[in-house]
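Student: Given next are the chains, with one letter for each unit.
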Amino acid sequence: MKKSIFTIAALFMWITFAMAADPAYEAAMKKQITAMQSIPDLEASQQVTNGFIRIAEAKNEEWLPLYYAAYNQIITAFRFDVDKDQFFDQALDLIKRADEIAPGNSEITALQGFATMGKLSVDPASRGQEMSPQAMQLFGKAINLDRANPRAVILMSQMELGMAQFFGSGPEKACGMARMGIDLLKKEEAKITNSYLLPTWGKREAESVLENCK
Amino acid sequence: MKTFLLITSLFLIESLSVFSQTKITGQVDDVKGEALPGVNIFIKGSFDGTSSKLDGSFEFATELSGDQILIFQFLGFKTKELPIALDQETINISSIQLMEMITEMNAVTISAGAMQASDQSKSVILKPLDIVTTPSAMGDIMGAFQTLPGTSTVGNDGRLFVRGGDASEVGIYIDGMRVGNAYGTTTGNVPTRTRFNPNLFKGTFFSTGGYSAEYGQALSSALALNTKDLSVRSQGDLSIMTVGGGYSHTLANDRQSITASANYFNLGPYQQLIKQKVDFEEAPKSWDVEVAAQKKTGKNGLLKVMARTESGGMKLWQPLPGTEKRIQVDLRNDYRYAQANWRTILKKDWMIFAGISYSKNFDKITYDSLKVDRTNELIHIKSTATKDFSDRLSAKFGVEYFRHTFSEKLTEANQVRDYKDHETYAFTEWDYYFNKSLVLRTGLRAGFSTVSDETWLDPRVSLAYQLGDKGQLSFAAGKFHQLPLENYRVLNTTLQNSESDHLILNYLFSKEGFTFRAETFYKNYDGLVTFDGVETNASNLENKGSGYARGVDFFFRDRKTFKETDYWITYSFVDSKRSYNQFQTQVQPSFAPRHNISVVVKHFFPSLKSQLGMSFSYNDGYTYSNPNVDNSAMNSKTKSFQNLSLSWSYLPKPNLIIHLACTNVLGRDNVFGYTYSPTPNPAGVFESIPQGQLAPRFLFLGVFLTLSKDKTANNLNNL
Chain A
28 MKKSIFTIAA LFMWITFAMA ADPAYEAAMK KQITAMQSIP DLEASQQVTN GFIRIAEAKN
88 EEWLPLYYAA YNQIITAFRF DVDKDQFFDQ ALDLIKRADE IAPGNSEITA LQGFATMGKL
148 SVDPASRGQE MSPQAMQLFG KAINLDRANP RAVILMSQME LGMAQFFGSG PEKACGMARM
208 GIDLLKKEEA KITNSYLLPT WGKREAESVL ENCK
Chain B
967 MKTFLLITSL FLIESLSVFS QTKITGQVDD VKGEALPGVN IFIKGSFDGT SSKLDGSFEF
1027 ATELSGDQIL IFQFLGFKTK ELPIALDQET INISSIQLME MITEMNAVTI SAGAMQASDQ
1087 SKSVILKPLD IVTTPSAMGD IMGAFQTLPG TSTVGNDGRL FVRGGDASEV GIYIDGMRVG
1147 NAYGTTTGNV PTRTRFNPNL FKGTFFSTGG YSAEYGQALS SALALNTKDL SVRSQGDLSI
1207 MTVGGGYSHT LANDRQSITA SANYFNLGPY QQLIKQKVDF EEAPKSWDVE VAAQKKTGKN
1267 GLLKVMARTE SGGMKLWQPL PGTEKRIQVD LRNDYRYAQA NWRTILKKDW MIFAGISYSK
1327 NFDKITYDSL KVDRTNELIH IKSTATKDFS DRLSAKFGVE YFRHTFSEKL TEANQVRDYK
1387 DHETYAFTEW DYYFNKSLVL RTGLRAGFST VSDETWLDPR VSLAYQLGDK GQLSFAAGKF
1447 HQLPLENYRV LNTTLQNSES DHLILNYLFS KEGFTFRAET FYKNYDGLVT FDGVETNASN
1507 LENKGSGYAR GVDFFFRDRK TFKETDYWIT YSFVDSKRSY NQFQTQVQPS FAPRHNISVV
1567 VKHFFPSLKS QLGMSFSYND GYTYSNPNVD NSAMNSKTKS FQNLSLSWSY LPKPNLIIHL
1627 ACTNVLGRDN VFGYTYSPTP NPAGVFESIP QGQLAPRFLF LGVFLTLSKD KTANNLNNL
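Protein chains in written order, with the numbering used here: chain A, 28 to 241; chain B, 967 to 1685.
Bound conformation, chain B alone:
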């Protein structure tokens, strides 16, 4: 009897499992208990499954039996696996909770001090294309950044000045490698430009303070330029401009690409046509040759190599205030830059980067009868390893080595002074996401220099918190060190680092087509270099200067309200004072105007196939020392600086662009300061010469043609 029962029941079970279906029902929510619709729910290794409904519930039937694994899969969430035994007619899965994954796209990003120009990231302030289409920029990367918050325009200099800091306080990097002498050498009020074409870069990261521990030797700001990855097609680009011309050729396939380019610039013909206020004996001219290559290595690796050589110069007459005399300044410059870097992804979420860069700048300057040769050489070797421990915790580790040599030679007297510094750095940075709305970044950077025989430590911290759907609040603080300028260190090799502490609070609101950004900051300076005498003849150099900068800036960009129109408005207020150089008491530096405004508007006319651009910059004037007032330093201020620039880009054919631009259309006579005669004239007045613009306006006309099998290619990036 018992046996009979057993056999029948066995049969019963058997038949049940063979013929009956199992119904699986349940509910999927997120960790907050809110229903998740659209979750893919299925039995591993089978086609049986369903999607959760709008209320998060699900139901499906399967003919499978025995022990199975039920999978819950949903984009952006962690996949969950649940072992189940299919031994009943209905199985009800009690509420399953899926946890959202923290990704770059959905998590808060640290935006204190940071401004990104890229196509991808969500906290983007500028797009790469904006750099070439900002009228006042004239195709110079720094020109475009001068329309961003926290910067000030110093028209006769051309470099980037950030929040009361001088231009040397901005560290410039290409693919994470430091670039020595990134700006062309210049003299006597002729503004300089970045040596590198914006065309080279796919994105930039510009920090006006509180930046990552990966960067150092910059008291104010880090500017990281990232070069393009593989080119997609072979093409030739020809440019003919009023100031010169060039050709660049690209060869590309699936695994590698190479671009070679050559340019020649000569302002001579232009200056003959349009009168200049500066008396050029020889107009600025230069040539450059550049090769950049990219190659995929293995499955995830990318190797980039770049080399550039250029040469240029100018000769001009500089007037001396209070006399009829003038002196000749002759400048020759040779520059070389080369770098190679490689990055790849290894197993277990390790990312490795290794790079080496070399910059060499040689200046030959003749100042009246004084002849000086200056050589500045920088080798930078760097390696980093980044590890994602989970979607919440990631860490970066890095080591760096710099060899920095500088020499200055008085040719006539055959006197040489030089130094060779070895700097070593190690850094680490840790990102921890408490959840997708709150992230903490802590970093530490340690450095050692052989020349100043000094070891230092820079701790840094930042925090970002999501406020509602579109807004976020960020905070950053940190310590920053920078060794003094080469021409001071060579005079006194015991000079130590200058240092600065940053404190930044940032609010960012971004919604499709709109960006609003407000930031307030405080930074203090210590150990700035002070000396007796003047810059070109300094003595008694010491780390005795100090100062501060504080302020607030606003940025608003709107690409939506007006059709085919994109505009942004920036206002930056900086209150900065420091004792530095020859200034033994704290003064407002000439490069730190208090109120800075810039407006950029671009409008595309589809019917005219044209883009019209307008940019306007304003600041309330530059400080200078006027000996006719009293003996004190920086006792006067110039009239306000104003520059209205216009540009017109015409695209008659997909592969042809004609670009016309004019700076300072209104012809305002901007003055950046005055040079005074060292002694008063018989009437007791110190005579002066204003430091102004080379000409009221600068006019640019260029034609850019792309030659490729694919006729739609154009070289808008070359503008």
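In isolation and in its complexed conformation, chain A is listed as follows:
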């Protein structure tokens, strides 16, 4: 009897273990993350987003595929000539789904701020009033949720830079934040292993802010 209980317990442990490290999931994610790093055109970009969405549909307990699908839609909207509002809206939709799986996640909150910033950029004159505090608030919340999240700090530095440019004040604050973001990225790098799936982006964004700091 005891033995059988042990067996069952061991079996359960094995199952949970297997679920935590689902090799098929990891491989599928790796494949899309790699593809995402070298997107030549809009078609390829849509394939990557679709790939992440397929993973999300099959593994509906994971927030990461939704996160990446949303992130890729945001980058696509900034990079290619598409209906930007539509892409940002879809990103926000995916973010909402991710947030339901993992509420209070700093990365998801920062990405929501990024998408809001994107919506703002479509029509800054009339949306700035409403959306810039929204984006700032989301970045602030993301930083509070995880002070080691480089993306929250870097995205906030972008907002700060935009605001400083609009009001003609100096970029010092934005520069300081971007530098802080770079430092956090370096700390993060130490953690990155072969099977690391969590977001690591942000360097390019931080550097574009730092270009204004001479």
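Quick caveat, the hints were computed from the structure, so don't treat them as lab data.
Owing to the predicted nature of the structure, the values given are computational and were not obtained by experimental measurement.
A portion of the hints provided could be inaccurate.
When the alpha-carbon atoms are kept at most 25 Å apart in a straight line, the in silico DSS-like pairs for lysine-lysine are as follows [what the hints assert, rightly or not]:
| id | chain 1 | residue 1 | chain 2 | residue 2 |
| --- | --- | --- | --- | --- |
| 1 | B | Lys1619 | A | Lys241 |
| 2 | A | Lys123 | B | Lys1353 |
| 3 | A | Lys86 | B | Lys989 |
| 4 | A | Lys123 | B | Lys1044 |
| 5 | B | Lys1044 | A | Lys86 |
| 6 | B | Lys1619 | A | Lys200 |
| 7 | A | Lys58 | B | Lys1019 |
| 8 | B | Lys1046 | B | Lys1313 |
| 9 | A | Lys111 | B | Lys1402 |
| 10 | B | Lys1362 | B | Lys1314 |
| 11 | A | Lys241 | B | Lys1251 |
| 12 | B | Lys1314 | B | Lys1262 |
| 13 | A | Lys86 | B | Lys1526 |
| 14 | A | Lys57 | B | Lys1314 |
| 15 | A | Lys111 | B | Lys1093 |
Position chain B relative to chain A; hints supplied.
Tutor: Coordinates of chain B only, in the frame set by chain A:
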């Protein structure tokens, strides 16, 4: 032998399904047969799948076997599921067609008569920010709408006049709830303003005719103001102006927010500095206190509560034509408004709304020795339910109840006259999309009033059709009823509804940065109130008046051609005649000038951190009755009305704005009509006094400061 064959074949099948991959190929198109690239195609519950190529074709391999479900997913289209049996090496899916979903973003919207101010919708004419940055508006919502097609500026009144209708023909709603006495009470040519700060609203829907069955009791127009949802951060806003000052404080978190504000206005100091044409004994002054709160309920619900109280008054001397005599007019006003509304989304695509509002207006007027107290009270209860049956068909159902009491008291004689009306309404509205380019809306509204003991029915219909990529054509028609003004109903409670029929054809072209809108309309009026005598002393009131208004208007807005520049141009032509009030024959009303033009230009100078604004309004003059010409009514017209206004907003720091504005910069002496002496002088001439402006110009200077932990906050909306 047979057994052997069976076993081997079983093995064969088994090995096939285990070791071989299945290749799935096919083609995805839309319903018109055009290729759809980028469609996400995958096997349900697995990672196996692909995206369709530019020509709509797709191909992928899977190691799965047996019965599976193939999913076709594409943004904006209905997802399709296809059961397949993975029992061959290659499966070719014959052409799959995906159907586009009809959404608010891609479908045609009904634009006949309608103008939206919002950040979101695509058929937007004005943005909320435009209301506060239009120079001639001076921060008043109605001032900004007076630059839109279908309206006319009546400078000594300040209210909104739409297409030959008087100001009472515009029904004003906040979050779907009717607002009684939305304008401040005024007297003797002092223009009024809306009581509500534009800062409160996130968007507005302004209809110049043919509007939804959800609204009633407005012959010409419905103006729906939607208050802001949850505030995002805690902050304080301080304003110091040449005419007064105020402070407002907001507390916010994720689930709820509350804003409390208080203001005080006094035109006294300003009027001492700049000479006025009207002799004020006591300059207009007022104070107001307001609280607005928002709270999320459950997952999808939002509760909004708002309460406001204000008090004000003025005292002035009114000259009498033909004499040296003048009389004193003393006006005191108290106003209260409160409302609560709640909306939520239920299961199965039902959306529920419930609201209650209360307005109370109290005027104490002393006109020489005559003292009058007027109390107007309105309670409005409303509930609606909206159901989306599919992406093509949706319906709205609603019931409303109004309790409307009015009383007028002559203090000296201690005489009171009053009435209490109960009105009940039910309405329904159905939207059907034939496809994303053609939508039909039908509505029906039924009403009953206890005082006029009358039941009535308003059928309405509208249609919109997409013309090409950027253009659309809309048509609207309907019947509209409105009970007469309180001061007439109290004299004759048997007065029935006045009614109007609308017919509108609209063309809208919008492309990024450009909007062009043309609209032509015809409306007729029946059952307007007529009486003997004058407005303040009417007798023999009857529903005998009738009339018509017809015309065309154009609107062009361009935010793209010139860098950092946004401008719009409006021209409205109205031909309107009606018999109403003391006019027993059809005349052109004084509030319906025929030609109306307005131009608004805004330019932002990044180097100066400033926005410069210019607005110009013109109309060809107001009709009036001149007894020196002949006995007929409305036999004369004033010279044209012209107003050039300028404004300058300076943002030295993100949280500080300095705003300077001046109306009628050129100092044109605009006249809105004349008051005549009732009897001629010895020379046989009726002497007159022009109804003009309080002063040639109005100058405004304000400083607005936002205090918050987040230093980038600013209160541009308070301008």
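Student: Run every hint past the structure and note whether it holds.
Tutor: Taking the hints in turn, this is what the structure says about them:
| no. | hint | verdict |
| --- | --- | --- |
| 1 | Lys1619/B <-> Lys241/A | holds, 23 Å |
| 2 | Lys123/A <-> Lys1353/B | holds, 24 Å |
| 3 | Lys86/A <-> Lys989/B | holds, 23 Å |
| 4 | Lys123/A <-> Lys1044/B | holds, 20 Å |
| 5 | Lys1044/B <-> Lys86/A | holds, 22 Å |
| 6 | Lys1619/B <-> Lys200/A | holds, 15 Å |
| 7 | Lys58/A <-> Lys1019/B | holds, 19 Å |
| 8 | Lys1046/B <-> Lys1313/B | holds, 23 Å |
| 9 | Lys111/A <-> Lys1402/B | holds, 21 Å |
| 10 | Lys1362/B <-> Lys1314/B | holds, 14 Å |
| 11 | Lys241/A <-> Lys1251/B | violated, 54 Å |
| 12 | Lys1314/B <-> Lys1262/B | holds, 21 Å |
| 13 | Lys86/A <-> Lys1526/B | violated, 46 Å |
| 14 | Lys57/A <-> Lys1314/B | violated, 39 Å |
| 15 | Lys111/A <-> Lys1093/B | holds, 19 Å |
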